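K.L.:
Next come the chains, spelled out residue by residue.
There are 4 protein chains.
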Amino acid sequence: MKPLRIGMIGYGFMGRTHSNAYSQVNHFFKNEYQPVLQAVCARDKEKVQAFADNWGYASVETDWKQLLKRDDIDVIDICTPNNLHKEIAIAAAQAGKMILCEKPISMNVAEGEEMCSAVEKAGVANMVWYNYRRVPAVTLAKQLIDEGRLGKIFHYRANFLQDWTINADVPQGGAATWRLDAGAAGSGVTGDLLAHCIDTAIWLNGGIKDVTAMTETFVKERVHAETGKKTPVKIDDACSFLCHFENGSLGLFESTRYARGHKALYTLEINGENASLRWDLHDLHRLQYFDYRDDGIVRGWRSIHVSDADQPYMKQWWVPGLQIGYEHTFIHQVADFLKSLETGEPAHPNFRDALETQKVCDAVLQSANHRSWVTI
Amino acid sequence: MKPLRIGMIGYGFMGRTHSNAYSQVNHFFKNEYQPVLQAVCARDKEKVQAFADNWGYASVETDWKQLLKRDDIDVIDICTPNNLHKEIAIAAAQAGKMILCEKPISMNVAEGEEMCSAVEKAGVANMVWYNYRRVPAVTLAKQLIDEGRLGKIFHYRANFLQDWTINADVPQGGAATWRLDAGAAGSGVTGDLLAHCIDTAIWLNGGIKDVTAMTETFVKERVHAETGKKTPVKIDDACSFLCHFENGSLGLFESTRYARGHKALYTLEINGENASLRWDLHDLHRLQYFDYRDDGIVRGWRSIHVSDADQPYMKQWWVPGLQIGYEHTFIHQVADFLKSLETGEPAHPNFRDALETQKVCDAVLQSANHRSWVTI
Amino acid sequence: MKPLRIGMIGYGFMGRTHSNAYSQVNHFFKNEYQPVLQAVCARDKEKVQAFADNWGYASVETDWKQLLKRDDIDVIDICTPNNLHKEIAIAAAQAGKMILCEKPISMNVAEGEEMCSAVEKAGVANMVWYNYRRVPAVTLAKQLIDEGRLGKIFHYRANFLQDWTINADVPQGGAATWRLDAGAAGSGVTGDLLAHCIDTAIWLNGGIKDVTAMTETFVKERVHAETGKKTPVKIDDACSFLCHFENGSLGLFESTRYARGHKALYTLEINGENASLRWDLHDLHRLQYFDYRDDGIVRGWRSIHVSDADQPYMKQWWVPGLQIGYEHTFIHQVADFLKSLETGEPAHPNFRDALETQKVCDAVLQSANHRSWVTI
Amino acid sequence: MKPLRIGMIGYGFMGRTHSNAYSQVNHFFKNEYQPVLQAVCARDKEKVQAFADNWGYASVETDWKQLLKRDDIDVIDICTPNNLHKEIAIAAAQAGKMILCEKPISMNVAEGEEMCSAVEKAGVANMVWYNYRRVPAVTLAKQLIDEGRLGKIFHYRANFLQDWTINADVPQGGAATWRLDAGAAGSGVTGDLLAHCIDTAIWLNGGIKDVTAMTETFVKERVHAETGKKTPVKIDDACSFLCHFENGSLGLFESTRYARGHKALYTLEINGENASLRWDLHDLHRLQYFDYRDDGIVRGWRSIHVSDADQPYMKQWWVPGLQIGYEHTFIHQVADFLKSLETGEPAHPNFRDALETQKVCDAVLQSANHRSWVTI
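Chains as they are written, first to last, in the numbering used here: chain A, 72 to 447; chain B, 72 to 447; chain C, 72 to 447; chain D, 72 to 447.
Extracted from the complex, chain A is given alone in its bound form (with noise of 0.2 Å):
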């Protein structure tokens, strides 16, 4: 097998589930590749070295640029808060590294733009973390779509509900909560959990066209963890949209985290001529599938318990009816990518795609400033 050694860049969240997929990923599929964890990076040194104990990580680094100059290192995985993608993927572009960027991939569609530049001119892989794609009810949905057994696609809708900032003492900034400072994450639900949807929705029903959106932050100050002083929210609490794709349908996005009793319910549902999808990630192994060509008497919603070897992703994990969870989708998209090294076929999302998103995005918060309609 061949080793790609990875060097990550931040330890939070996100660097938890990709070391976890770095990990298992080769227990459970077979490719050429075998990802190493060589280095991880981040500025607490003491911090990142327990990280890297716990993880199994040969070495740390404490400065990112030190890490991109290290010739043993073959990807640069970036795990930062998102003020700080462009710059260090256009760096590790420079290096010649390979890419994986968490999403979204950028504070807006000019960085973005830059992005993409630096890794086209630059040559190398890149791949940007929309893990929901992975999701295996959900890739089955693209399936079942590609295999046109919905017909003609009418409506397109998808939500995106927490409830983890309704208290008005959750602070923002720092380590924990920098995704609710618009400083180091440039928006709030709109790039943190609408452009999940927009990802989603563009892979399995195309582009968008245009955008009528609404905005609202509704606690309007909260301490900042860095200052410990109360700051203006810069962010969006809530986000919905009305749009057209490219295909005719229609479609209408929300997300929020002030949606009491909803901890991180993604639901997706599209409505086509013949048959009709859902799914949502609290449960995340089934999906909702209508066909209306089904005998009339016994026709009805489906609930695929997706855990059968003939479905996606499912054939490497365990035997039918015992589910896969959340972490899985992030080792999917890590089998993707080494797939696609030993083909030769680019991997998606890659950064190109993600930009797609980030028009959306901005066309949204846009719309929703200048209460008008927006076309991308």
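Wrong hints could be hidden among the right ones.
You can't tell identical chains apart in this list, so a pair holds if it fits in one copy or across any two.
[What the hints assert, rightly or not] Pairs of lysine-lysine residues, derived as BS3-like cross-links and limited to a Cα-Cα distance of at most 30 Å, are as follows:
(1) K430 / K136
(2) K305 / K223
(3) K430 / K73
(4) K192 / K140
Hints were generated in silico from the structure; no laboratory data involved.
Given the structure is predicted, the values throughout are model-derived calculations rather than measurements.
The hints should help you fit chains B, C and D onto chain A, whose structure is shown.
P.N.:
The following block gives chains B, C and D in isolation, referenced to the frame of chain A:
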């Protein structure tokens, strides 16, 4: 339209459901016959008059023997506690009346056999109110089984779970709680709840050969509503049994009034070689259907919302998606009874059908008492 | 009991639901007043007579103006297509009749305002058939909100999804499909389906301030049932909108007749600081409730089977666990109207309430046409 | 960290789940001990080497007796068919090894007693892989019961439904289907599936006093994978039983491999005076909870998404709303075993616990054979 003059005995919960059915049936189902609320009979003059006024009965009686003598009554509808079924039914048969009798048909098999003999000798139309056969979803289940969609049957399981007698202060006996008084009810959950499960099971899956059963009385003494005294409880609070069906499938039944959280949850499931069905009373308008012959990657339990015109009874009601409820099962049963008068084809379950259920009930109680298998 | 003599105009689907409600209400709800089926009016003499015979109407009319002249009619019940509401309602008010009018109240706000003026000037009792307020689970939602259980509201979302017009062979116009004919219906899903969602939303969550909307007509031409000719379709097949409520919460609404797999799925959800509620029409007897104040380790969405005597309207029906259906919402509305006559306290939604819903409908259509936010 | 050197015997499905658990545990759970994949043993040299390579075992053996002689092995993990458990376990105990044994502990009670004696005499740590105790939702159920939330228990019911042997072409015997070969497995669903149900039941609800049972073998002959000849099937394809628990509650258990539509549906429910719990394996991350003490109008079954940090084991995983899967139960079991070495407090279920389950299994099979109640 030909009038069908009803004389109902009893005005409790079942009196209400039947009266409603008679009032409603012709608004929705076209028949030659029209039920006429001719008389209602009960011992308490004042109460029965109030009931008659509410529902529009033309007259009242306080002595059922008097009711049977009237020649303006075509049908006797027996809604009394179980201990009165036999005497009334036999007398009604002898008086040449058609008979609709509440379930279970009798206190035991011996009584039931006398009743069957009497109605068959008299040649009067007769039916027993096992109303759950006429839930559209259950009738659809019957249709699917009759079409052979399930293939060879392996398993049948049913339970009927309630929780209304957990409180030891609930009395036994009297108008509201005669079901806890062995003198009035014969048995507890076996005759009240399991009898429904058994009737449906025989209808859907054929005869039962043998049983091994277990009963329990959790609250040993309760105040008797008529005497005001604490008296031993002689009914079964819970009853479960295993059985073999004549078609080689295995059965498993349970009922109780001590299943906290279940108000009136009658659930049934049948597993065949090719397909399975599942239904429950708390969402009675849905049938769950699994068909193994579906394309593997989209195979799953279908939740059929039984509200379309091509599904049993539903053409007569509203439009697809709009559900009906519990009371409609009685309307359907009356509609089918009226139709049977028109066609001459007997309606089911008749007394003879109900006797088969009674045989299983008796065998179950005998098995529980003797701690041994009992062949039916 | 005091008779309340009904004169109903129209005998379609709504004519059936109303007639059933008048027939049933006094069997279950005690009131001073009793509806009397005095007359039903429609242009086709033969058909209206058949309808009258089926339901027991004492007489028929073929000219609604004639009906209004009769002094043996107390209430005019308007079940016609929307384009006739205004003229009939104003004439009925001038004739001093009470008025029950199907929804939406009118073709547009201007008509609705004339109608409100007329009934208020005449001082006659008036009500609009937004029946979903009287689904017990929805009424319970209102009660829980009024008790303050949800706290500050952040989000309200509702959709009404159907799939019955996907087939391009469905005609427009005529008795069965006038809802697709802009001349008869005014609008498509906006007036037919969204109007229900808006009525409930205003009732539960207060007034709507502004909207941005999108409509679509997927099938551009349909045969007109009256002419037999293919004619442009001028109604909206689908409509969705975003909005702000006066209480600061965000709204998101959608309706369509192109959501394959959904027969008549009206879903609503409201998210508050402390608790959330969710309901849908396909299982209308259930309310989903999440209370954050529950002990953390056992916190979860509760599926409330609304069938207990202490829940709205249910004391009058059966016993816990036994569900009621769609038609009962009309019975409840009649019961409440009868009660309002007894108490002198107006029943809701009245014409003035329905006008508020109409204002939102008009704003939604205007926003969709102009691709801009519209303030109400 | 102290190394804990594992020597695993067998490399089938359970070999994979255990190897994964050893690989993963220290990434998520902090312990003094760290499993080391020292050796894996199986008869086929080539295959076991491939397995070792995949999972990173340091060495292989082809003779388990040889493995036991090695002094670089601390723990023997028995993943063989059931007929080898006894001999290996006793020898391992005599060799002073800690023992982790797959379930059921043995072919019958007599074997199990010998094994218990051996490990207890040797004083070695021992545990049996009844992994479902470590599903977080099931562990939470245990916690809620131990807190007394349910009150007096009335009912316990469990079933384990599969459908993978309906096809008569499935062979018996051999590596993939030894569970259908009585010589290797001892029994069919009783030892394979019901044993899980019984282990959980005893853990949650205490001892079982007596049983009445029924078994069936639907397919009477199957090709034996080792001989290629059609041979009588001697295992039970289906088994159900009724029982009394020592706490006075009633039990009902069923398992089968002929329940079309259920891949691996282990369901359990427990009904107490005050509260009830329900769980199933197809949505293993959810616990259903009903609490009668909730305010009546909002009482309902709560669907608890067990993914919060204050719920069992979940603090070590991701964030609220993100589910884990089947394999994690083994990781939890290893984590608890490691913790037990650290604290000196034995982990459960140990051999003695598993013997209690075996006693019920034996009684069930005896009851089915003799068609009589059997006291345990």
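K.L.:
Look at each hint and say if it fits the structure.
P.N.:
Hint-by-hint comparison with the structure:
Taking identical chains as interchangeable, the C-alpha atoms of K430 and K136 lie at most 30 Å apart only when both belong to the same chain, with a minimum of 29 Å there against 60 Å between chains. For the identical chains of this complex, K305 and K223 are inter-copy neighbours only, at 21 Å across copies versus 40 Å inside a copy, given an alpha-carbon limit of 30 Å. Proximity of K430 and K73 under a CA criterion of 30 Å is satisfied in neither setting, with 37 Å inside one chain copy and 52 Å between copies. With identical chains, the CA atoms of K192 and K140 are at most 30 Å apart within one copy only, with a shortest distance of 19 Å there and 60 Å across copies.
This entry does not satisfy hint 3, going by the numbered hints stated previously; all others are met.
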